[in-house]
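Student: These protein sequence lines are chains L and A, in that order.
In terms of our numbering, the first sequence is residues 1 to 208.
In terms of our numbering, the second sequence is residues 209 to 468.
Don't read these hints as lab results, they were simulated from the structure.
This list has only true hints and no planted wrong ones.
Derived list of chain L stretches under chain A, where covered just means 3 residues or more per stretch with a C-beta under 8 Å from a C-beta of chain A:
1. 106-113
2. 145-159
3. 168-174
4. 177-183
5. 193-204
Glycine residues also receive a C-beta, built at the ideal position from the N, C-alpha and C atoms.
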Amino acid sequence: MQRRSLISTLGLTALLLAAPALRAQAVAPDAFVKQVSTEVIDAVKADKAIQAGDVNRIRALVDAKVMPYVNFQRMMASSVGPQWRNATPDQQKRLLVEFQTLLINTYSGALTQVKDQAVVVKPLRAGAADSGEVVVRTEVRGQGEPIQLDYRLEKAGEGWKIYDVNVGGFWLVEAYKGQFAKDLNAGGIDALITTLATKNKSLASAKS
Amino acid sequence: MSIPGGGAIRRVWAIVLLAMAALTTGCATVPAGGPPPSRDPWEPLNRQVFAFNDAIDREFTKPLAEAYQAILPQIVRRGVTNFYGNLGDAWSSANLMLQAKPRQSLEMGMRTLVNSTFGLGGVLDFAEDMGLERFTVEDVGQTLGYWGIASGPYVVLPFLGPSTVRDGVGLVVDYQQSAINYVFDGVAPRNAAGLLNLLNTRTNLLSASRVFDEIALDRYTLMRDGYLARRRSQLFDGDPPDDDSATAPYKSLLQREKAK
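If we strip away everything but chain L, and leave its shape as in the complex, we get (with noise of 0.2 Å):
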């Protein structure tokens, strides 16, 4: 027990004294990603109730391991096009809740498929990082074929922001825009927070 304790005295303190090595030094962009996706994971697989798909627990997940390292502000303005920019601010505001909601939806959507899953990241070209803007590429690897899993990432402070997701080929910007399209044609923004309002609302409902 003593021993036990002793151990897990140590490791948290090797964890304080790391994490502030962590921050002062800026982190390269694969050893982030191999991070966030491995800590994801991890808890899905530690998580019985996770698996058997409570979405509740899923989405505190998201919400706490994911989402502070997405720049939902970018995603949304990108996804949105030129209509974004011509927003009042409180259009703008209502619009990045609902999106917010959708893109944690996606996610934990996403999560549900997880299972016996591991993240391989691959090498980036040389040079990649120098810029203010990286794509990191990882492979999710279980049974059958791996699936393509991308990331576009903008340097913000020491650290890494998200700001567009590949899966399967697929980025999700490319995929809102799409999906954006018909109700920003027809009835601009106010059209496009509706849908997403009564999209989301509907999720809600019928999984409580």
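Please build the complex by placing chain A on the supplied structure of chain L, with the hints as guidance.
Tutor: Frame of chain L, contents of chain A only:
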């Protein structure tokens, strides 16, 4: 199991000729400039076929897949998936050869060899344990696209789902040359084997299709955009250039090889 002799060689030649024919016509029809044509000029018809496929899936295929999933234990379904995956690997290997990628072709060929023997005819994925992973799935549509043949308009095929003109043509060859035809003798067993393959594939997609339905605002558009993006990505081995006008993957992939 019959070992095909001259027939198989003739068939391979037929593919090569088809590829060459398509290559020449493809080059001739790629426009030199101007605005890109719509990817989905047949959208009204496509939406109707999409709705038809949806109805078929809802009424027949999906319930059947759910029953299949409920009745057969996971380990048996795993074996079925491995078996068809192994046949697919052989086909990938052939297509990689046609794409002049001998090293990758050999690797996929090794996979089939290992799994067909040690893996009891492909039921076990023994090669994966040896580190020979299935790193790609290739078909004739990709082989044609690799050599620069444009995909043509988007098409929703009845029963089979999203495709393009090029990929649809490829699919005909894929089915005709399917290893199922070599492994099984007679029309009835071949059809049964083909149907089992489709049912098993649909079963594997049950939970993924649930997620798809949940996140889509417009299912038709999401399916189309996703399909076209994925195919483009496959053509460039998962790393397509940002430039939309780049149409011949073999050129940019060769350049990338040289740069290494």
